[in-house]
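K.L.:
Start counting the sequence shown at 1; every next residue gets the next number (this note's numbering).
This list has only true hints and no planted wrong ones.
Derived pair list, reagent style SDA-like, types lysine to any residue, alpha-carbon separation capped at 25 angstroms: (1) Lys29 x Lys212; (2) Lys113 x Leu210; (3) Lys45 x Trp19; (4) Lys95 x Phe177; (5) Lys123 x Thr73; (6) Lys206 x Glu70; (7) Lys113 x Ser69; (8) Lys203 x Met160; (9) Lys212 x Trp32; (10) Lys53 x Arg65; (11) Lys203 x Leu85; (12) Lys215 x Phe111; (13) Lys212 x Leu108; (14) Lys191 x Leu85; (15) Lys61 x Ala48; (16) Lys191 x Pro176; (17) Lys45 x Ser143; (18) Lys53 x Phe138; (19) Lys123 x Pro79; (20) Lys206 x Pro98; (21) Lys203 x Asp102; (22) Lys187 x Thr197; (23) Lys206 x Leu218; (24) Lys29 x Gly179; (25) Lys212 x Ala100; (26) Lys113 x Asp77; (27) Lys95 x Ser110; (28) Lys123 x Gly112; (29) Lys191 x Ala41; (30) Lys53 x Asp38; (31) Lys59 x Glu70; (32) Lys206 x Arg136; (33) Lys123 x Cys64; (34) Lys95 x Pro34; (35) Lys53 x Ala41; (36) Lys187 x Gln164; (37) Lys59 x Tyr166; (38) Lys45 x Ile78.
Honestly, the hints are just simulated from the structure, not real lab data.
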Amino acid sequence: MKKANKNTARLRQPQQKQWRLSFPEDEIKYQWLPLLLDAYAIIDKGVASAISKAEESRKVKLACREGCSECCTTHADIPVYPLELFAIYWYCTEKLTPSATDTLLPRLSSFGKGDQCPFLLNKSCSIHPIRPVACRQFNVFGSPCAPGEDPYYTRRHDVMVPIQGYVNQAFLVMLPFYGINDDLAKKEAIKNNFIHTQARSLKEHKWSGLIKAMKDSL
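Between the sequences and the hints, there should be enough to build the whole structure, so can you do that?
P.N.:
Right under this line is the structure:
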């Protein structure tokens with residue numbers, strides 16, 4: 001039986017009233033984890049700002065609501081970065097509840113290209129705290145997505161446009177994971193879209209390694 005993990009997540013509120021997810025013990029154990037959580041805090045702040053500006057300037061309301069999962073089922077291409085894959089493996093092996101693990105394992109085992117996101121369980125993201133940047137930034141205004149609709153193609157004007165400054169800042173924070181620590185090298189990496197060259201499709205990833213790791217953690 002999977003042991004209960006006492007190292008639960010905490011939310012801390014640093015400067016500028018920005019909530020950041022925190023796993024204190026894990027962040028000491030895994031040096032890459034603070035990089036990702038810092039980057040996600042920046043991304044989330046940028047998303048909040050972009051939504052607020054769009055609602056104010058365009059007089060539209062965000063359509064995305066808890067329980068809506070159309071984008072998780074319809075999107076054929078969900079980019080995920082190596083650092084994010086590290087987080088997904090960590091979260092699935094160390095943070096999921098036993099019931100979520102029992103449900104997710106067969107989903108991953110039978111997952112095939114073209115299926116809905118394997119981490120979508122009962123219309124809810126099982127890895128929501130560490131969901132990829134692409135998922136965090138995809139927001140739709142106006143009306144909710146129709147079944148099977150990908151509004152990026154049907155009504156792109158309703159899809160939130162991320163604020164590039166926040167995106168660049170978040171990717172800058174991630175760069176040490178890829179061995180890029182020099183300030184000049186970081187600037188060049190951002191300029192040349194280095195992070196984007198590392199992206200892979202979540203729906204084309206082979207999850208056999210994660211399945212084994214999850215089974216070993218039981």
